[in-house]
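Residue numbering for the sequence shown follows the numbering used here, starting at 25 and increasing by one per position.
Simulated from the structure, these hints should not be mistaken for laboratory data. Each hint should be verified, as a subset may be incorrect.
With a straight-line Cα cutoff of 20 angstroms, these simulated SDA-like cross-link-like pairs (lysine to any residue) come out [unchecked claim]:
#1 K63 with H27
#2 K63 with V31
#3 K63 with M25
#4 K63 with V49
#5 K63 with R91
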Amino acid sequence: MPHLALVTLVVRDYDEAIAFYVDAVGFELREDIPLGDGKRWVVIAPPGSRESGMLLARAADAAQEARVGDQTGGRVGFFLYTDDFARDHGRMRTAGVHFIEQPRHEPYGTVAVFQDLYGNRWDLLEPR
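Make the full structure from the sequences, and use the hints.
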């Protein structure tokens with residue numbers, strides 16, 4: 025059965041992105057394979073995620089570098105679901121993740137927008 029496996033996130037540096045997503049956000053490092061010429065195949069995913077993850081791809085030229093932190097034109101582009109909003113929101117804040125708003129309750133669940141280390145916007149979301 026086809027499924028969405030990976031989404032690419034363009035980053036400035038593999039190691040700083042791994043540190044942020046693993047240490048602060050709480051993802052797992054699934055793969056980190058050298059490809060030569062400084063390129064790496066780096067896959068991260070939330071714990072327990074089976075079919076999907078993110079491929080961290082270091083910007084390779086000026087055009088890609090210009091997209092780092094603004095891959096979705098300033099909109100929330102990524103949605104991190106949780107089964108315990110308070111737990112994960114508190115842990116992430118303690119780890120230095122910058123939330124740009126207070127948690128709010130919407131018809132679809134409890135949510136707050138945070139920014140990654142580059143400025144990309146994410147929703148931390150506990151669905152109803």
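Just pull the numbers of the violated hints for me, sorted ascending. 1, 3 and 4
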